[in-house]
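Here the protein sequences come in this chain order: S and R.
Each residue of the first sequence is one higher than the one before, starting from 1 at the first, in my numbering.
Each residue of the second sequence is one higher than the one before, starting from 1 at the first, in my numbering.
Do not rely on the hints blindly, as some may be mistaken.
What the hints assert, rightly or not - Derived CB-CB ranges, DEER-like:
| no. | chain 1 | residue 1 | chain 2 | residue 2 | range |
| --- | --- | --- | --- | --- | --- |
| 1 | S | T131 | R | K131 | 26 to 34 Å |
| 2 | R | P123 | S | K2 | 13 to 21 Å |
| 3 | R | E126 | S | E46 | 40 to 48 Å |
| 4 | S | P31 | R | A98 | 30 to 38 Å |
To be verified - Which chain R residues stay away from chain S? Per the calculated CB distances, all over 12 Å, these:
| no. | residue |
| --- | --- |
| 5 | L6 |
| 6 | I15 |
| 7 | V18 |
| 8 | N22 |
| 9 | L25 |
| 10 | P31 |
| 11 | P32 |
| 12 | F52 |
| 13 | L65 |
| 14 | L91 |
| 15 | Y96 |
| 16 | A98 |
| 17 | A99 |
| 18 | L103 |
| 19 | I104 |
What the hints assert, rightly or not - Only some residues are given here: those of chain S computed to face chain R with a beta carbon under 8 Å:
| no. | residue |
| --- | --- |
| 20 | P31 |
| 21 | I43 |
| 22 | W49 |
| 23 | G68 |
| 24 | P71 |
| 25 | F72 |
| 26 | P79 |
| 27 | L86 |
| 28 | Y116 |
| 29 | R117 |
| 30 | A121 |
| 31 | W124 |
| 32 | T126 |
| 33 | P130 |
| 34 | T131 |
Bear in mind the hints are in silico, worked out from the structure with no lab data behind them.
Bear in mind the structure is a predicted one, so any value in this text is a computation, not a measurement.
In this text, a Cβ means the ideal position worked out from N, Cα and C, and glycines have one as well.
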Amino acid sequence: MKVLVLICRILLGLGFVFFGCAGLFMHPQLPPRGTAMGDLANIFHEVGWSGVVAALQAIGGLLVLFGGTLPFGLCILCPITVNIWLFHLLLHATAPQMLIAPVLVTILEIVLLYAYRGSFAGIWTTKARPTV
Amino acid sequence: MGYVILGARVLLGLIFVVFGLNGLLHFYNPPPPTGDALTWFGIMAAHHWMNFVAVEQLVGGLLLLVGRFVPLGLTLLAPVIVNILLYHALLWPHGYGAAVLVLILELFLLAVYWRSFAPLLHPNPEAITPKL
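Construct all of the structure, not just a fragment, from the sequences and the given hints.
Following this line, the structure appears as structure tokens:
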């Protein structure tokens with residue numbers, strides 16, 4: 001089990017570091033304007049929104065790779081994953097094989113959320129009291 | 001201090017319940033943005049992305065108002081607030097007063113409910129989850 005968690009960690013961390021660095025340093029092939037997906041992708045790119053997301057993906061991936069910061073890394077990567085799903089499902093302009101990466105990432109995150117559930121227990125409690 | 005915390009929680013909850021309901025029912029239509037921001041907003045609305053955000057705002061706001069699952073409510077609202085701030089910082093630099101207000105309320109509540117979130121930054125997260 002420990003080995004499985006380690007493999008999930010490395011796959012998820014490396015995946016997001018790779019995609020984040022690709023988004024930051026490589027010139028992307030954007031779909032042309034005129035479709036919903038093309039307009040959205042171009043606007044996101046031009047104003048720098050995709051740059052922010054790519055940086056957060058790289059940071060989140062690194063936090064998952066380093067020991068001790070994995071739960072905080074998941075806090076950054078999970079909302080990004082939700083938005084990746086929304087992008088693919090709602091704009092429904094992507095081929096089915098484009099969903100392989102989101103499916104894989106989601107499975108890895110669920111395994112890690114469970115394996116590190118002690119770190120997230122405080123969020124699920126019904127009777128949280130203010131500290132001060 | 002108790003009343004300040006209660007006030008912040010109820011105010012943030014109310015703001016997002018109203019914003020979330022408005023995103024679903026459209027009882028108040030603010031003046032639309034122009035240019036890329038309008039194109040962006042049009043796509044997000046037409047493809048129901050905004051409906052998802054509205055439901056998330058509504059659920060997060062209700063959890064804060066009800067007072068159970070306050071940390072979960074703050075967790076749901078945090079990524080929404082990040083994206084509202086990115087929208088105003090990158091696409092539409094007008095009318096960001098409400099965005100700054102919800103950021104301050106969220107940060108204040110994260111701080112006073114820190115006990116629930118501290119395990120996320122525990123230096124040895126393996127130690128606080130029972131062995132599988």
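The hints, checked one at a time:
1. S/T131 / R/K131: 26 to 34 Å: holds (29 Å)
2. R/P123 / S/K2: 13 to 21 Å: At roughly 19 Å between Cβ atoms, S/K2 and R/P123 fall inside 13 to 21 Å, so the hint holds.
3. R/E126 / S/E46: 40 to 48 Å: Holds, at about 43 Å.
4. S/P31 / R/A98: 30 to 38 Å: With a Cβ separation near 33 Å, S/P31 and R/A98 satisfy 30 to 38 Å, so the hint holds.
5. L6: The claim breaks: R/L6 does not keep its Cβ more than 12 Å from every Cβ of chain S (closest is about 9 Å).
6. I15: With a cut-off of 12 Å, R/I15 remains clear of chain S, as the shortest Cβ separation is near 19 Å.
7. V18: holds (22 Å)
8. N22: holds (20 Å)
9. L25: holds (20 Å)
10. P31: holds (20 Å)
11. P32: holds (15 Å)
12. F52: violated (6 Å)
13. L65: Per Cβ check, R/L65 is outside 12 Å of chain S; nearest 14 Å; holds.
14. L91: violated (6 Å)
15. Y96: Holds, because the least Cβ-Cβ distance between R/Y96 and chain S comes to about 15 Å, which exceeds 12 Å.
16. A98: holds (20 Å)
17. A99: For R/A99, whose nearest Cβ neighbour in chain S is about 15 Å away, the distance exceeds 12 Å, so it holds.
18. L103: The assertion about R/L103 holds, with a minimum of 16 Å to chain S.
19. I104: For R/I104, whose nearest Cβ neighbour in chain S is about 16 Å away, the distance exceeds 12 Å, so it holds.
20. P31: Given a least distance of 13 Å, the restraint on S/P31 is violated.
21. I43: holds (5 Å)
22. W49: holds (5 Å)
23. G68: holds (5 Å)
24. P71: Holds, because the Cβ-Cβ distance from S/P71 to chain R comes to roughly 5 Å (cut-off 8 Å).
25. F72: holds (5 Å)
26. P79: holds (4 Å)
27. L86: holds (6 Å)
28. Y116: holds (5 Å)
29. R117: Constraint on S/R117 satisfied, holds at 6 Å.
30. A121: Since chain R brings a Cβ to about 7 Å from S/A121, closer than 8 Å, the hint holds.
31. W124: holds (6 Å)
32. T126: Holds - the Cβ of S/T126 comes within 8 Å of chain R, reaching about 5 Å at its closest.
33. P130: holds (4 Å)
34. T131: holds (5 Å)
Against the hints set out earlier in the document, violations occur for numbers 5, 12, 14 and 20.
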